[in-house]
Amino acid sequence: MIRIVIGGLQKDLIKKKVDETGGDRVEAVITSDFEGAKKVKAGQADYYLGACNSGGGAALSVAIGILGYNRCATVAKAGGRPNPQEIEKLVQEGKIAFGMSVEAIEMTVPILVQSFLRHSDQ
Amino acid sequence: MEFSLMKMILVALLTASTALLSFYGRAVFHDGIRPIMPEFIEGRMKRPELASISFGLSVGFIASVGIAFTLSTKLLNPWLLFLPTDILGVLATRAWMAALFGGAWGVAVVSGLTVVQSAFGFFPIDFIGALGELSSPVLAGFALFPILAIAYQFGWKKATFSAALVLLVRQLVELGLILPKDFKLLPEAGQLFVGTVLLVIFALMKDRGETSSIPEGESLFEERTQRIRRGLPFFAVTGALIAVVANLGYFAGSEVSIFTLKEAYNATDPAQTQSLIQQAALADFLRGIGFVPLIVTTALTTGVYGVVGLTFIFPIAYLAPNPVVAAIGGALIISLEVLLLSKLGKVLERFPSLREASDSIRTAISNVMEIALLLGSVLAVLKMGEFTGFSIFVALYALNEALGRPVIRLAASPLAAILTGLILNLLYVLQLFTPAAG
Numbered sequence: 001m002i003r004i005v006i007g008g009l010q011k012d013l014i015k016k017k018v019d020e021t022g023g024d025r026v027e028a029v030i031t032s033d034f035e036g037a038k039k040v041k042a043g044q045a046d047y048y049l050g051a052c053n054s055g056g057g058a059a060l061s062v063a064i065g066i067l068g069y070n071r072c073a074t075v076a077k078a079g080g081r082p083n084p085q086e087i088e089k090l091v092q093e094g095k096i097a098f099g100m101s102v103e104a105i106e107m108t109v110p111i112l113v114q115s116f117l118r119h120s121d122q
Numbered sequence: 001m002e003f004s005l006m007k008m009i010l011v012a013l014l015t016a017s018t019a020l021l022s023f024y025g026r027a028v029f030h031d032g033i034r035p036i037m038p039e040f041i042e043g044r045m046k047r048p049e050l051a052s053i054s055f056g057l058s059v060g061f062i063a064s065v066g067i068a069f070t071l072s073t074k075l076l077n078p079w080l081l082f083l084p085t086d087i088l089g090v091l092a093t094r095a096w097m098a099a100l101f102g103g104a105w106g107v108a109v110v111s112g113l114t115v116v117q118s119a120f121g122f123f124p125i126d127f128i129g130a131l132g133e134l135s136s137p138v139l140a141g142f143a144l145f146p147i148l149a150i151a152y153q154f155g156w157k158k159a160t161f162s163a164a165l166v167l168l169v170r171q172l173v174e175l176g177l178i179l180p181k182d183f184k185l186l187p188e189a190g191q192l193f194v195g196t197v198l199l200v201i202f203a204l205m206k207d208r209g210e211t212s213s214i215p216e217g218e219s220l221f222e223e224r225t226q227r228i229r230r231g232l233p234f235f236a237v238t239g240a241l242i243a244v245v246a247n248l249g250y251f252a253g254s255e256v257s258i259f260t261l262k263e264a265y266n267a268t269d270p271a272q273t274q275s276l277i278q279q280a281a282l283a284d285f286l287r288g289i290g291f292v293p294l295i296v297t298t299a300l301t302t303g304v305y306g307v308v309g310l311t312f313i314f315p316i317a318y319l320a321p322n323p324v325v326a327a328i329g330g331a332l333i334i335s336l337e338v339l340l341l342s343k344l345g346k347v348l349e350r351f352p353s354l355r356e357a358s359d360s361i362r363t364a365i366s367n368v369m370e371i372a373l374l375l376g377s378v379l380a381v382l383k384m385g386e387f388t389g390f391s392i393f394v395a396l397y398a399l400n401e402a403l404g405r406p407v408i409r410l411a412a413s414p415l416a417a418i419l420t421g422l423i424l425n426l427l428y429v430l431q432l433f434t435p436a437a438g
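Chains U and Y, in that order, give the protein sequences. First residue of the first sequence? That's 1 in UniProt numbering, and the numbers climb one at a time after it. First residue of the second sequence? That's 1 in UniProt numbering, and the numbers climb one at a time after it.
Everything labelled a hint here was simulated from the structure, so no lab data went into it. Accuracy of the hints is not assured; some may be wrong.
Said to hold, decoys possible - Coverage of chain U stretches by chain Y, computed from C-beta distances (three or more under 8 Å per stretch; other residues unrestricted):
(1) 8-15
(2) 52-59
(3) 64-73
(4) 78-89
Stated by the list, open to error - Below are the SDA-like pairs computed for lysine to any residue, each with C-alpha atoms no more than 20 Å apart in a straight line:
(5) U:K39 to Y:P352
(6) Y:K206 to U:G68
(7) U:K16 to Y:W156
(8) U:K41 to U:Q92
(9) U:K39 to Y:G345
(10) Y:K206 to U:R71
(11) U:K15 to Y:G155
(12) U:K15 to Y:S366
(13) U:K89 to U:P110
(14) U:K41 to U:I30
(15) Y:K206 to U:E35
(16) U:K41 to Y:E349
(17) U:K39 to Y:L168
(18) U:K15 to Y:F40
(19) U:K15 to U:E106
(20) Y:K157 to Y:L168
(21) Y:K157 to Y:V169
(22) Y:K383 to Y:S136
(23) Y:K46 to U:Y69
(24) U:K41 to U:Y69
(25) U:K39 to Y:L354
(26) Y:K346 to U:Q122
(27) U:K95 to Y:M45
(28) U:K95 to Y:R44
(29) U:K41 to Y:P352
(30) Y:K346 to U:E35
(31) U:K15 to U:Q114
(32) U:K16 to Y:G155
(33) Y:K206 to U:I30
(34) U:K15 to U:E35
(35) Y:K46 to U:G68
(36) Y:K46 to U:K41
Ideal Cβ positions, reconstructed from N, Cα and C, are used throughout, including at glycine.
Assemble the whole structure, with the sequences as input and the hints as a guide.
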């Protein structure tokens, strides 16, 4: 079971996409960015997902403050598309918090969750 | 707003000072660059790397929201001015370079805007005037954000109740039933007030009786707060400059006020201007509340502040009777915000639902604004070129969607409306389009 916390904007949409992709292999909890990042830091959750208008602002800013910059990555900026290879690489490198722009949630979340699942199977 | 040397000097001073704030790592506008700043301040990241990250995070916003909002309103906006100075300040290797780059950006924006606007004056079809249609939907749409925020956070029952109450208030204000005769209030202002009060009440009700966790890492916060406090004189100067340019009607603080302010400055009836300005101030004040938790938490965890503070300088600036009062008020309010930072952090720690409300508020605002700008843009293109305009607009908008939204939705509608105006003018020149008489 992979535990995912969701902060930032459009949390419901992110949760819906996580559940659709991961089914019963994931547990997605909607929370605030602050609570969520603290949960990940305390080991009560595995990954943090967040969205905002730019993909790097409200989506990740608190997570970066709490978890450290080198554990976080913006995977879909405003006006950009997520790159599955890049995401796979970031997950393998051990990044645990991911930000995306709200426009890209539907494309990005399934790629991320599939990467998490592959990573946990190893 | 016509070109003036005064405007250029003030804007250049402002952008020079925000570039300096970014150079020294004291404050940046972009909420996403703030948390990365400590990496640079503490020596784990070099300037070029940080500059390229800043550029990547900001370029889409500058090109879309920054340009589209300013072209459709003739008012400068923070995305256009401050996102570039974040980047320039980080990029500069010496303080004088930061000030020079920043100032040059201000000069470039003001003169570029003047040139573009006078060029627009020569177009046979006045599409910039038609973009005025954007303001009414924005005004009415924004007034509904508290209800949407309540729906996100507290479910549809409370949202339905709130919607009914807010609608009732709107009609009572509209008909002049609950306020003294000579008290002029836009119905939207009443809606916003009642909606926000309901949102806060629901949040406090939810937190009542819940035990709150004791904040951890207090000492770290304390050190970083000290760092922000030491920057206070710089913030006060920048705050004063922002307040002056906003007060003079050169600048609007956000997407929720810019169209209302444009309408206000164009209105011929002084009473109308005044009530629209009040509405814009209220809108930016409420938007500010939505952003407080984000800015406070990122500022406290990073020791880097926002160049516009907690954004409460905007309402003060619009409402001030003259630029001098605005400057003093702006400097005072931004100083007060800095002094209250750690207190605000503690309050937010104690009431988790308020912090959560901030996320729902921002989600709700971007949703209502997307709808309002889309419908407003449709009204504008209908005015420019009836259903010829409409077809061009829909084609452009749908193209952006189909390409995976290279332009974010918030900016897509006004930008598509501007492009529609340009295309209609081209068709007119080619004698393929005649605007309706009148």
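Outcome of the hint check:
Judged by the Cβ-Cβ criterion of 8 Å, the segment 8-15 of chain U is covered by chain Y as claimed, because 5 of its residues qualify and three suffice. With a cut-off of 8 Å between beta carbons, the segment 52-59 of chain U has 8 residues touching chain Y; three or more are needed, and the interface restraint holds. For the segment 64-73 of chain U, the stated coverage by chain Y is satisfied: 4 residues place a CB nearer than 8 Å to a CB of that chain, which reaches the threshold of 3. Residue count for the segment 78-89 of chain U with a Cβ under 8 Å from a Cβ of chain Y: 4. That meets the three needed, and the coverage hint holds.
Of the supplied pair hints, the one linking U:K39 and Y:P352 holds, its CA atoms being roughly 14 Å apart against a limit of 20 Å. Taking the CA atoms of Y:K206 and U:G68, the gap is about 31 Å. The hint is violated against a cut of 20 Å. Restraint check: the Cα-Cα separation between U:K16 and Y:W156 comes to about 18 Å, which is no more than 20 Å; the hinted pair holds. Simply put, U:K41 and U:Q92 have alpha-carbon atoms about 18 Å apart, close enough for the 20 Å limit, and the pair holds.
Annotation: proposed proximity of U:K39 to Y:G345 holds, straight-line Cα distance about 19 Å (limit 20 Å). Using a Cα cut-off of 20 Å, the hinted pair Y:K206 and U:R71 is violated, with the two alpha carbons roughly 33 Å apart. For a cut-off of 20 Å, the pair hint linking U:K15 to Y:G155 stands: about 16 Å separates their Cα positions. Distance check on the hinted pair: U:K15 and Y:S366 sit about 19 Å apart at the alpha-carbon level, within 20 Å; holds.
Simply put, U:K89 and U:P110 have alpha-carbon atoms about 15 Å apart, close enough for the 20 Å limit, and the pair holds. Only pairs whose Cα atoms come within 20 Å are accepted, and U:K41 paired with U:I30 is accepted, the gap being roughly 16 Å. Taking the CA atoms of Y:K206 and U:E35, the gap is near 17 Å; set against the 20 Å cutoff, the hint holds. Among the hinted pairs, U:K41 with Y:E349 is consistent with the structure: their alpha-carbon atoms are about 17 Å apart, no more than 20 Å.
This hinted pair does not check out: U:K39 and Y:L168 have alpha carbons roughly 42 Å apart, beyond 20 Å. Annotation: proposed proximity of U:K15 to Y:F40 is violated, straight-line Cα distance about 33 Å (limit 20 Å). At roughly 11 Å between alpha-carbon atoms, U:K15 and U:E106 fall within 20 Å of each other, so this suggested pair holds. For a cut-off of 20 Å, the pair hint linking Y:K157 to Y:L168 stands: about 17 Å separates their Cα positions.
Taking the CA atoms of Y:K157 and Y:V169, the gap is near 19 Å; set against the 20 Å cutoff, the hint holds. Between the alpha carbons of Y:K383 and Y:S136 the distance comes to roughly 14 Å, so the proposed pair stays at or under 20 Å and holds. Distance hint between Y:K46 and U:Y69 is fulfilled; the C-alpha atoms sit about 14 Å from each other, no more than 20 Å. Distance hint between U:K41 and U:Y69 is fulfilled; the C-alpha atoms sit about 13 Å from each other, no more than 20 Å.
For the hint linking U:K39 to Y:L354, the alpha-carbon distance of about 19 Å falls within 20 Å, and the restraint holds. Of the supplied pair hints, the one linking Y:K346 and U:Q122 is violated, its CA atoms being roughly 42 Å apart against a limit of 20 Å. With a C-alpha separation of about 18 Å, the suggested pairing of U:K95 with Y:M45 holds against the 20 Å cut-off. Proposed proximity of U:K95 and Y:R44 is supported: the alpha carbons are some 18 Å apart, at most 20 Å.
For the suggested pair U:K41 and Y:P352, the alpha carbons sit about 18 Å apart, so the restraint of at most 20 Å is met. Under the criterion of a C-alpha separation no larger than 20 Å, the hint pairing Y:K346 with U:E35 is consistent with the structure, at around 14 Å. For the hint pairing U:K15 with U:Q114, the CA-to-CA distance comes to about 14 Å; that is within 20 Å, so the pair holds. Under the criterion of a C-alpha separation no larger than 20 Å, the hint pairing U:K16 with Y:G155 is consistent with the structure, at around 16 Å.
Distance restraint check for Y:K206 and U:I30: the Cα-Cα separation of roughly 16 Å lies within the 20 Å cut-off, and the hinted pair is therefore satisfied. Note on U:K15 and U:E35: the hinted pairing holds, with a Cα-Cα distance of about 16 Å set against a maximum of 20 Å. Between the alpha carbons of Y:K46 and U:G68 the distance comes to roughly 17 Å, so the proposed pair stays at or under 20 Å and holds. Under the criterion of a C-alpha separation no larger than 20 Å, the hint pairing Y:K46 with U:K41 is inconsistent with the structure, at around 27 Å.
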